[in-house]
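Chain order of the listed sequences is A and B.
The first sequence begins at 1 in our numbering and counts up by one.
The second sequence begins at 1001 in our numbering and counts up by one.
None of these hints come from the bench; they were simulated from the model.
It cannot be assumed that every hint is accurate.
Said to hold, decoys possible - No farther apart than 25 Å at their CA atoms in a straight line, the calculated lysine-lysine pairs in the PhoX-like style are these: (1) A/K290 <-> A/K278; (2) A/K290 <-> B/K1167; (3) B/K1151 <-> A/K125; (4) A/K278 <-> A/K9; (5) A/K9 <-> A/K25; (6) B/K1167 <-> B/K1151.
Stated by the list, open to error - Simulated coverage check for chain A against chain B, where a stretch passes if three residues somewhere in it have a Cβ under 8 Å from a Cβ of chain B: (7) 214-226; (8) 249-256.
Ideal Cβ positions, reconstructed from N, Cα and C, are used throughout, including at glycine.
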Amino acid sequence: MFEFCADPKSLEGFQWFACYLTSGKHMNMYWAFGTVLLLLAVTAPIAMLFGFFGAMAARSPFFALRLIGKGYTGMVRGVPDIVFFLFFVIALDQGIEYIMHLIRCPEWTEPVRNGLEFRVCPQAKVPLGNSAQWIHQFYGFMLAVLTFALVFGAFAANVLYGAMQAVPRAQLETAEAYGLSHAQVFRRVLVPQMWVYALPGLSNLWLILIKATPLLFLLGVQDIVYWARELGGAKTQAFDYPHPDWRLYYFLFLLVFYLGFTRVSEIVLNRISARLSKGQATAAGEAMRKAGI
Amino acid sequence: MTCWETIGAYAFRSLGYGERLLPRSDFTLCQQFTLIGSGLIWNVYFGVVALIFGFVLANAIAFAKASHNPIARKPAEWFIFLFRGSPLFIQFFLAYEALQLLPRAGIDVFGITVQTSWTTKAWAGALFVLFLNTAAYSAEIFYGALRSIPKGDLEAAEAYGLTGFAKFRRIQWPTMLRLAWPAYTNEAIFLFHSTTLVYFSGFPAFQQRGDALYYASYFADKTFNPFVSYPIVAGYFIALTLLLIWLMGAINARLNRHLPSNMGGKIRLRLQVIR
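Can you make the complete structure from the sequences, with help from the hints?
Dropping the structure here:
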């Protein structure tokens, strides 16, 4: 990074740290923070979409659809989410490869699951065996995104289902009395009104999602936890920057990062909630009116 | 090996009793059920012990946070912020690294050497983290309940001449518990769920003695088949959750026994208490 970093062994004090903290591997760690933020930015809308359709299915008049929706919203209640994380990341990978296998190699006769092996034809490998390193990383990341979205979609479905139920029944009946069809009632009355009820749950969900991002490490993505362990471990004289076991300080840094991130999110979400509560006929809105805000 | 023999060999494998070697090939359903069930002992241990000790500390912290005295309030607020604002996963890593820095030979306290090596073991170190973590989450729930005790109840207590500790013991505390219980039930459920993180964070599984998820992922790695072992863990946890809901529901019914039957707090999923 800096010019005086050419010979790390001769450095001391501030210069040593300046060079150490800007080494190539540290740059990778700083980029990993970007990975975490990217995961949040991509996962949140997809999870919302899953949650929305899950909640819609859960209150559908068709039994089969309702069963699927209820099962999806209920799945996170009894089973630890980490089980789903570990399960989906393999299940999705094998599912995708199996579908590719059916499409690309219809004449393949050997069984795919043979004893302790899961073997599809080479053309069905996702990504293909000879593709570049970044494609493998990208695929791993997308798999993690989909896994996160599936699990958090179930949480979001819970929140949105509750919010849809919380919209006063009289509102929907009035709309029906005016001759609106079911779809129109849903689109024009239910959905616009449910967000006030959904917001507290959704803001909690956002905080939970932030705090779940270190689990990326378990899904095999080179995230900040991976780099903290990698860089913090004791380095012998064979390395450019030898140092004792510093993992404690790296994890302390991650802790501060997460504390700051959740705190800032909390402040922003409180502002949004105050903005939405203003003038509403709810307890929060009434409290604001009395306080003269 | 029949299924009974397998159960005999592996039922307490997670505690170090029975067969030492884990199965390496020809995995049977019976082996998976037995070993994962054996691991569940650890989940129950972490959950139950952390819940009981956490409950006591959570009460203290909730009252400290509700106190007018900043010397009591500020530390309680910071404690809750620290543990609720950061991921449990990072807390485990941090605690493990911090505990490893303790001197290996032990610490001298008034001439007596206190051993430190046990603190880095999961049964003590991870339990300690879970204990503090659940105390912080529960304290926030109890604090919220404390603030939403109906004003009339406290005024009525004073009108009857109850003050100080008598008022606290007979009115404030039971009402707080009653109001907090549905949310606290969810906290308990998710505490049991988060015990699965222990052996996936810094704490190593000594001699492959791990929890339910540890063995499930062992089988999934060996067989490349996630469709058997993970549903087994899921089944075990659903059973554990139902048991917990039943137990907490019984306590809830007792806390609400003086109320008309339609006024008791209903227990349902509340997302604010998930880690």
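Self-check item: Hint numbers contradicted by this structure
Solution: 2, 3 and 4
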